[in-house]
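Participant: Spelled out, the chains give:
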Amino acid sequence: MSSSCKQAISRRNFLKLSGTAAAAAAVGAPSRVLYALVSEKEEGAEVAAHEMFSACDMCFNKCGLIARVENGVIKKLDPNPKSLKSRGMLCARGNAGVKQLYDPDRLKYPLLRKGDRGGGKWQRLSWDQALDHAAEQMERIGEAYTRCGFLFMAGTDMQSTFVHRFAEAYGSYNVISHESNCLLSRNRAFLDTFGVVPTPDVLNCKYVIMPGANRFEALVTPDSMDLMTAMQGGSKLVVLDPRYTKTAALADEWYAIKPGTDMAFFLAIAQVLVSENLYDKKFVAEKTNGFEEFQAHVDSYTPEWAEGETEIPARDIRRMARELAAAAPAAMVYPGRRSSDYEDSTQIRRAFAIVNALLGNWDRKGGLIIPKKIKTGSIYHDAPFYEDNPEDRVDAGMSQMMFDEEGSFKHTRDAVIEGRPYPVKGWFTYKTNPMQTGANRNKTIEMIHKLDFMMSVDIVMSDTAWMADLVLPAPSYLERKDPISAFLASSSCSGVITRDPIVPAMFQSNPVFWIVKELAKRLDLGESFDFTIDDFRKTQLEKLPEVAQAIKQDGVYNIVGPSYGIHEGKPFKTRSKKIEIYNSRYKDKGIDPMPVYHSPKRVPRNHFRMVVGRNAFITQSASTNNSLLCELQRENSLWIHPKPAGTLGIHQGDQVEVASPAGRGRLKARVTEETRPDTVYMDSGFGVISKGLSNIFGKGACIAEVLEDHADKISGNMAMHETFVTVRPV
Amino acid sequence: MFKKIGAVLIIMVFLLVCIGVVIAEDGKGNARKGKYLFRKNCRACHGDGGSATELSPISKTQADWQKVFDDYNQLECKTEWNKLSDKDRLDMYAHLHGHAFDSPSPAKCK
Chain A
763 MSSSCKQAIS
773 RRNFLKLSGT
783 AAAAAAVGAP
793 SRVLYALVSE
803 KEEGAEVAAH
813 EMFSACDMCF
823 NKCGLIARVE
833 NGVIKKLDPN
843 PKSLKSRGML
853 CARGNAGVKQ
863 LYDPDRLKYP
873 LLRKGDRGGG
883 KWQRLSWDQA
893 LDHAAEQMER
903 IGEAYTRCGF
913 LFMAGTDMQS
923 TFVHRFAEAY
933 GSYNVISHES
943 NCLLSRNRAF
953 LDTFGVVPTP
963 DVLNCKYVIM
973 PGANRFEALV
983 TPDSMDLMTA
993 MQGGSKLVVL
1003 DPRYTKTAAL
1013 ADEWYAIKPG
1023 TDMAFFLAIA
1033 QVLVSENLYD
1043 KKFVAEKTNG
1053 FEEFQAHVDS
1063 YTPEWAEGET
1073 EIPARDIRRM
1083 ARELAAAAPA
1093 AMVYPGRRSS
1103 DYEDSTQIRR
1113 AFAIVNALLG
1123 NWDRKGGLII
1133 PKKIKTGSIY
1143 HDAPFYEDNP
1153 EDRVDAGMSQ
1163 MMFDEEGSFK
1173 HTRDAVIEGR
1183 PYPVKGWFTY
1193 KTNPMQTGAN
1203 RNKTIEMIHK
1213 LDFMMSVDIV
1223 MSDTAWMADL
1233 VLPAPSYLER
1243 KDPISAFLAS
1253 SSCSGVITRD
1263 PIVPAMFQSN
1273 PVFWIVKELA
1283 KRLDLGESFD
1293 FTIDDFRKTQ
1303 LEKLPEVAQA
1313 IKQDGVYNIV
1323 GPSYGIHEGK
1333 PFKTRSKKIE
1343 IYNSRYKDKG
1353 IDPMPVYHSP
1363 KRVPRNHFRM
1373 VVGRNAFITQ
1383 SASTNNSLLC
1393 ELQRENSLWI
1403 HPKPAGTLGI
1413 HQGDQVEVAS
1423 PAGRGRLKAR
1433 VTEETRPDTV
1443 YMDSGFGVIS
1453 KGLSNIFGKG
1463 ACIAEVLEDH
1473 ADKISGNMAM
1483 HETFVTVRPV
Chain B
803 MFKKIGAVLI
813 IMVFLLVCIG
823 VVIAEDGKGN
833 ARKGKYLFRK
843 NCRACHGDGG
853 SATELSPISK
863 TQADWQKVFD
873 DYNQLECKTE
883 WNKLSDKDRL
893 DMYAHLHGHA
903 FDSPSPAKCK
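Taken in sequence, the protein lines are chains A and B.
Residue 779 in our numbering sits at position 17 of the first sequence, and the numbers go up by one each step.
Residue 803 in our numbering sits at position 1 of the second sequence, and the numbers go up by one each step.
Honestly, the hints are just simulated from the structure, not real lab data.
Possibly wrong hints are sitting among the right ones.
In silico SDA-like pairs for lysine to any residue, Cα to Cα no more than 25 Å straight-line [stated by the list, open to error]:
hint, chain 1, residue 1, chain 2, residue 2
1, A, K1332, B, Q868
2, A, K1300, A, E1289
3, A, K1363, A, E1069
4, A, K1205, A, R879
5, A, K1137, A, A1310
6, A, K1335, B, K885
7, B, K869, B, L839
8, B, K889, A, D1166
9, B, K910, A, I1328
10, B, K830, A, G1352
11, B, K842, A, N1151
12, A, K1305, B, K862
13, A, K1340, B, A865
14, B, K910, A, D1297
15, A, K1137, B, A854
16, B, K842, A, T1301
17, B, K885, A, K1340
18, B, K910, A, M920
19, A, K1305, B, A846
20, A, K861, A, A1378
21, A, K1339, B, A865
22, B, K862, A, Y1344
23, A, K1049, B, D866
24, A, K1349, B, S905
25, A, K1135, B, T881
26, B, K910, A, L1250
27, A, K1135, B, R845
28, B, K885, B, S907
The following block holds chain A by itself, in its conformation from the complex (with noise of 0.2 Å):
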């Protein structure tokens, strides 16, 4: 297969191309830029097609695939059947990444903010005058309030790395990813009992509990395949989810369990599992780390007790745990990955973590794995250090056990508007969306006021980017160049994946790479950036040629061999060496060394809890503009049961006001017994103040508006269930 372009795009259309770029300067304004792409094939003219690998980015997931392409227009993305961890797959989404590269919205060129913040008014600068301006910028707030006083904040991408590398060049300590609005909860809980945090071997499982995931619409590959595929082979499903999710639909038995009582649902699991002797004995004499007082801490916690809290019969609670055990090894409490719900989440998935542990499947086949990984190499930087700057983060001790290198959004963006412990004046974003993804978002807007100056380095203009003093344009994935990228799956299926363009980067986008290269030059920081993503690759593989051969033959290194058994005798990366049921860290620190139960806040009378999640065609706000994805979804809804909606005289359709303390937004009901009478859903990435989003703006209602911003007591984590809404006709 080729690896580079055989024919660029002609002359005639990028000329095209450019000119009506030049036009379109106001963001929002109509565009017919990139119809020009359409190829005009003469009649009987030969195309010059050929096909070449990447990975999609989409959503997080790298999913194998191969561009085919024709006269040097991508026509359409397949999955490639080379790459175990997708299962030759590529979903909606990923099919739909043309879209997201022949877009008339996107950003063309460096844009300066003229008049107001989120005003759209905006000045065309060129490279040159863009970087300038952001490197003296970064001088003055580096010299006013310290390096610290600039926050870095980048998305999951291959090209993150280099934002990082640059934070730390700079001398910023205050780097946040997008976990923190994620799972950092789940893998505060499992790193916390395991030591590290593991890998469900579904495809092996044979008796599956998935608490709150919707493994069926919020794709994880290759999780949700291989759900599909154990399920035909005879493996159950049990889901636990307040909507009647697509998952659910699917799932052997669907239990619509009252939000917030997961944690009740695991330890009568566990108090059935410890009373009736059906945990493993051995394992767990072997490998845990005081089940002794565990087994007392639980024995109260009876299904009796769990159904009251839970609204799951007790009858129902014990026979699943009965269930669970005569499966083990091959069954499991699914971790799940989005775990942003409540105040007490590390807990809640500690729970799920200790039911694990009592099952015995860590390390086994059909269980919680750990698979083998390659470590690439990587060129060391020298990053200075900067005398003046404070000690720690400027979310430091916000939070019981926070990650140091990921952070705490909410915990930051509270210390950024109270401009304490010191102050933070700069904000670099790079492909992430807080305005959208980060609840209150009326308090993501109070942070940006309070900024000197925010530059946002995207694809299209987001909500972030509206917000933004200064916004750079950012090639798509299938226009760039990025380093090696190692990722751990599932079994047998962990491996190694890059890109290459496919085409050559369009308008004057440049990547991230380049762009903080550029910075560090400015900025008297080039050493750390003294090298080409060639030569990071040729580092990154420089002792791996085996896994170098077969990106370049099949796209894909797959790492072969099992994925299990493979870690017995060795010591657990825990302060015990061994599976902490009891942590005794949290204990010293004040935190409950098991998870103890309380029950969630009362919905008060007349409102609901909101709660969030997925549809398989949305990547939380990156993809909902996404011509093709528009297609079957053009807006958001909210989801409410018909029995508070005739209550509030609301009927399918109706257009209705969804309120909370944080803000409040409209959209249209859709009256459905998909979800409990106390709760309603809306999906997220609609309801965007950005008039740069033509095929959504002015669509629907934005949830992170909606949502109060609570947050995990422990690991910092957003907590995204602890809103409650009042919801009217209008």
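Starting from the structure of chain A, add chain B where the hints point.
Facilitator: Coordinates of chain B only, in the frame set by chain A:
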């Protein structure tokens, strides 16, 4: 009486031995500075392709790092260790011990 004095002395000696560690655990060592110092002083040998074992905070447990810092005079590179100030060692301890593989915030591979 002598027993009491003895007990007090034992406690005092114990406290003196532990004081560096206590300070570090209380966050007095600057882990950020420690990361910089670790790279500056150790990576030439302990980096990828160096003459000694490759090291990062997650190469060891907190207890292992504790032993390293307690007994650095036993190490082959003790001369290099002795060139460091107490504060530098404390900062490096805060970085390495604070991000050990069994720590609450293990360092990411970099």
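Participant: Are the hints correct? Go through all of them and say.
Facilitator: Right, here's what the structure says about each hint:
no. : hint                 : verdict
1   : A:K1332 with B:Q868  : 21 Å, holds
2   : A:K1300 with A:E1289 : 18 Å, holds
3   : A:K1363 with A:E1069 : 17 Å, holds
4   : A:K1205 with A:R879  : 15 Å, holds
5   : A:K1137 with A:A1310 : 13 Å, holds
6   : A:K1335 with B:K885  : 32 Å, violated
7   : B:K869 with B:L839   : 19 Å, holds
8   : B:K889 with A:D1166  : 22 Å, holds
9   : B:K910 with A:I1328  : 22 Å, holds
10  : B:K830 with A:G1352  : 21 Å, holds
11  : B:K842 with A:N1151  : 18 Å, holds
12  : A:K1305 with B:K862  : 24 Å, holds
13  : A:K1340 with B:A865  : 15 Å, holds
14  : B:K910 with A:D1297  : 22 Å, holds
15  : A:K1137 with B:A854  : 19 Å, holds
16  : B:K842 with A:T1301  : 21 Å, holds
17  : B:K885 with A:K1340  : 38 Å, violated
18  : B:K910 with A:M920   : 15 Å, holds
19  : A:K1305 with B:A846  : 19 Å, holds
20  : A:K861 with A:A1378  : 17 Å, holds
21  : A:K1339 with B:A865  : 11 Å, holds
22  : B:K862 with A:Y1344  : 22 Å, holds
23  : A:K1049 with B:D866  : 21 Å, holds
24  : A:K1349 with B:S905  : 15 Å, holds
25  : A:K1135 with B:T881  : 37 Å, violated
26  : B:K910 with A:L1250  : 15 Å, holds
27  : A:K1135 with B:R845  : 23 Å, holds
28  : B:K885 with B:S907   : 29 Å, violated
Comparing the model with each numbered hint stated earlier shows that hints 6, 17, 25, 28 do not hold.
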